[in-house]
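Chemist: Heads up: the sequence shown begins at 1 in my numbering, then just goes up one per residue.
Derived from the structure by calculation, the hints contain no laboratory data.
Quantities reported herein were computed from a predicted structural model and do not represent experimental measurements.
Label pairs and their in silico Cβ distance ranges:
no.: 1; residue 1: 191; residue 2: 95; range: 24 to 34 Å
no.: 2; residue 1: 336; residue 2: 117; range: 43 to 53 Å
no.: 3; residue 1: 508; residue 2: 191; range: 45 to 55 Å
no.: 4; residue 1: 253; residue 2: 117; range: 37 to 47 Å
no.: 5; residue 1: 478; residue 2: 60; range: 50 to 60 Å
no.: 6; residue 1: 35; residue 2: 505; range: 45 to 55 Å
no.: 7; residue 1: 281; residue 2: 336; range: 23 to 33 Å
no.: 8; residue 1: 336; residue 2: 538; range: 24 to 34 Å
no.: 9; residue 1: 18; residue 2: 340; range: 30 to 40 Å
no.: 10; residue 1: 510; residue 2: 535; range: 21 to 31 Å
Beta carbons: idealized from backbone N, C-alpha and C, even for Gly.
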Amino acid sequence: MMKRLLELIRRGWRKPPHVILRWLARQIAAELEQPLARARARAMTKARLLSLLGADNLDNLWTRLSEAPFPFHTEPVTKDTYESAYPGDAARIMAAAEDAVAHRVDLLGSGPVDLGSPVPWHTDFKSGHSWPVLPFRRINVLDLERDSDIKVPWELSRLQWLIPAGQAYLLTGEDRFAEAVLYVVEDWAAANPMARGVNWACTMDVALRGITLVWLFHVFHNAPAWRDSRFRANFLNLLYLHGDFTSRNLEWSDINGNHLGTDAAGLVMMGLFFGDGDAPQSWQQQGWDILSDELPKQVFRDGVDFEVSSAYQRLVMEIFLLPALYRQKAGLEVGREYSDRLGKMATFIATYTRTDGSTPLWGDADDGRVLPFGGQAMTEHRYMIALAGIGFGDADVFSLASGPTVEVFWCLGPDAIAKIPDHPTLPDSHAFRHGGVYIMRNDDDHVFIDGGPVGMAGRGGHGHNDCLSFEASLLGATLLTDCGAYVYSADPAWRNDFRSTGFHNTPIIGGEEQNRFVRPEYLWSLHNDAEPDVRHWSNEGNWDRFVGAHTGYHRLPA
Numbered sequence: 001m002m003k004r005l006l007e008l009i010r011r012g013w014r015k016p017p018h019v020i021l022r023w024l025a026r027q028i029a030a031e032l033e034q035p036l037a038r039a040r041a042r043a044m045t046k047a048r049l050l051s052l053l054g055a056d057n058l059d060n061l062w063t064r065l066s067e068a069p070f071p072f073h074t075e076p077v078t079k080d081t082y083e084s085a086y087p088g089d090a091a092r093i094m095a096a097a098e099d100a101v102a103h104r105v106d107l108l109g110s111g112p113v114d115l116g117s118p119v120p121w122h123t124d125f126k127s128g129h130s131w132p133v134l135p136f137r138r139i140n141v142l143d144l145e146r147d148s149d150i151k152v153p154w155e156l157s158r159l160q161w162l163i164p165a166g167q168a169y170l171l172t173g174e175d176r177f178a179e180a181v182l183y184v185v186e187d188w189a190a191a192n193p194m195a196r197g198v199n200w201a202c203t204m205d206v207a208l209r210g211i212t213l214v215w216l217f218h219v220f221h222n223a224p225a226w227r228d229s230r231f232r233a234n235f236l237n238l239l240y241l242h243g244d245f246t247s248r249n250l251e252w253s254d255i256n257g258n259h260l261g262t263d264a265a266g267l268v269m270m271g272l273f274f275g276d277g278d279a280p281q282s283w284q285q286q287g288w289d290i291l292s293d294e295l296p297k298q299v300f301r302d303g304v305d306f307e308v309s310s311a312y313q314r315l316v317m318e319i320f321l322l323p324a325l326y327r328q329k330a331g332l333e334v335g336r337e338y339s340d341r342l343g344k345m346a347t348f349i350a351t352y353t354r355t356d357g358s359t360p361l362w363g364d365a366d367d368g369r370v371l372p373f374g375g376q377a378m379t380e381h382r383y384m385i386a387l388a389g390i391g392f393g394d395a396d397v398f399s400l401a402s403g404p405t406v407e408v409f410w411c412l413g414p415d416a417i418a419k420i421p422d423h424p425t426l427p428d429s430h431a432f433r434h435g436g437v438y439i440m441r442n443d444d445d446h447v448f449i450d451g452g453p454v455g456m457a458g459r460g461g462h463g464h465n466d467c468l469s470f471e472a473s474l475l476g477a478t479l480l481t482d483c484g485a486y487v488y489s490a491d492p493a494w495r496n497d498f499r500s501t502g503f504h505n506t507p508i509i510g511g512e513e514q515n516r517f518v519r520p521e522y523l524w525s526l527h528n529d530a531e532p533d534v535r536h537w538s539n540e541g542n543w544d545r546f547v548g549a550h551t552g553y554h555r556l557p558a
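Using the sequences and the hints given, assemble the complete structure.
Modeler: Here is the structure:
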């Protein structure tokens, strides 16, 4: 505990006084919150829940929630109809659903792993390390002295691996999928008491789990296996407590990123799910206020996410897009500036996507999603173009839409598919000057150039030492590629190597980093040494030209 305190002091002592005071106030509030959260959970009886939500009985509440507007497709569809529209995908869903029933997962490159019963919710099953079921603020989630990866139990507890079981239920109507999901939800709740254990230690993951539970409810609410009143009360209690916990443990910082955004997305979606009641209405409004405030801060005017990573471009767009679709479905205003910024994000995705549908491995490579419905490659982001364009009726955006449409089906329904153009518009070469990305492209060739700042407003974050680095594909063949980054805390040395200058297609002088590492153990921090200097950009006729420099090595002797 003392080691952690000293580390926090070391990190924060140079920050402005108001930032330090705000941080201290939140730390004190978070410490007080731990026992209070447990007390609220104990007090959350069925009667208490009904009172909070203004319902007279559980059956009426369950019906009211199931009939509320929901933006995603959760209506039954026959397997044959689906298979005719998406050949091979029904088989993929069924195989993934059988894996979920068997508690077999493949997460973060683990390969298929049989978890058994009960599920080891507090264990990194890749390394075998486990975390104790202590108050969540007492848990060391970033122990660099062992090869464990905290993301494994977090990813497992997002419960997104249950989504194929929900899709299989909609395709077949087989109640065994509902039974299997019920077992996992009850198993998770029993093994993860409120505010205790590693799966309450990151609010982002609490919010994502809450979003998954909302979707599962709308899939299974009429399933015979879900008719037990005790389970229904426990399920709604669990979901309500996820919203309550998220609202009280927001991941504020002096520079906010995808964690706070995900917290806010969860608040919007859980708040809209419950609808009535002072707390849910407060959640959805607070969440929307945060999203509206953070979108222009985190996403440049040209649509580039300031975390400067293609994987996080997709995740962050989902974070801001999906709650907006939910809000719009509920009859609430989204706002033109908000939807236009999402359209810019989609246009950037369309431009950085190569003709084969793949994306550059720019910055950290993370598998994070909000609601992963499809089985396409993790580097396939084109579904986001259709979701933004069709979702907000932006013809200029959805004219760019192409590629697999499975995600569009499960998000917006079958009617949306007809709006996707047979012959999409291909983007031209373009300079995304605010985000610092320059893309040269035609029908056969694609060059992606990073001419921008270090990520996270000069902090580093998920950005790398890759200023002036580029990826090049000619005649459809990738000649030069980035390496992405496959690991975080499980191997700090490799983490730092993969974000280093020498691992990118950019000059390195004297073996020095273009942006110095703050400390080897600060895996998401960089000094802001390499300020970009783009001296020329033009695309005229058949010629594109880029000339750039940066200041990263000005500190070295001549």
